[in-house]
Structure formats: C-alpha cells, structure tokens
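Participant: Modelling step: build the complete structure from the supplied sequences, incorporating the hints.
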Amino acid sequence: MCIAYQSGRKGGTYTNLDDGLNFSNKALEHMGESGRQVPVQTLQDAIRYGEAMPDPSGSSATMYYTTMYKNGKMYNLEVLYDEVTNMVYHFEYARKAMGNLPAIPK
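Mind the numbering: the sequence shown is residues 1 to 106 in full-length UniProt numbering, read in order.
Read the hints as simulated data drawn from the structure, not as lab findings. Just so we're clear, the structure is a prediction, and the values are computed from it rather than from any experiment. You can trust all of the hints, since none of them are fake.
Heads up, simulated BS3-like pairs for lysine-lysine below, C-alpha to C-alpha not over 27 Å straight-line:
(1) K96 / K73
(2) K73 / K106
(3) K70 / K26
(4) K96 / K26
(5) K96 / K106
(6) K70 / K96
(7) K70 / K106
(8) K26 / K73
Facilitator: Here's what the structure looks like:
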C-alpha cells in the first residue's frame, strides 16, 4: 500500500515527480513524525538535484544524497526513490556521513 503526497495534501497516486510523490507504508509513517518529517518539496529537490547512486541494499531503486537545512542547521539527506513507481521507500536526514557526503560537525 502507498499514499501519495503533494505539498501537504494526500490522495490518489502520482505518476510523476512533478505532481507529487508516493510513499511506502514505512516512509509514510515517518512523514507523520514531526522529528523525522521532511517537506515533500525538499524530497523532490533531492531527487532532482541530488547525487544519484545505486541502492546500497541492492534494490532497483536509486539512493539520492544531498544536504538540507532545518531550523537553520545543515543536515545530510538521503532519499531512496523508484522512478518507475514514483515511490519513496526511505528517507533520513542526519549529520552523520551518508553516501558520498561527509559528516557535518555540530
């Protein structure tokens, strides 16, 4: 099951990145957690402009790496996205090293 999100509204299934994103159940669960949620537009930008690398776990999805700011602080962001289904399977932001991004000092 998946839920589609577009800039704060839920509903339907999106077929392309510009219209919105579909989320796996686990990723959707994290979107509902205030401490883990990342704005949809930020995720879309990470997919559009981030560094694309193969999924470290070997799926057919692509892992994108970039940086983002939250509350004035910089974080690394990774997004696991499948272009065929327009689905986000995983996202995480943290200061630790991710993919090709070095750790960010506090």
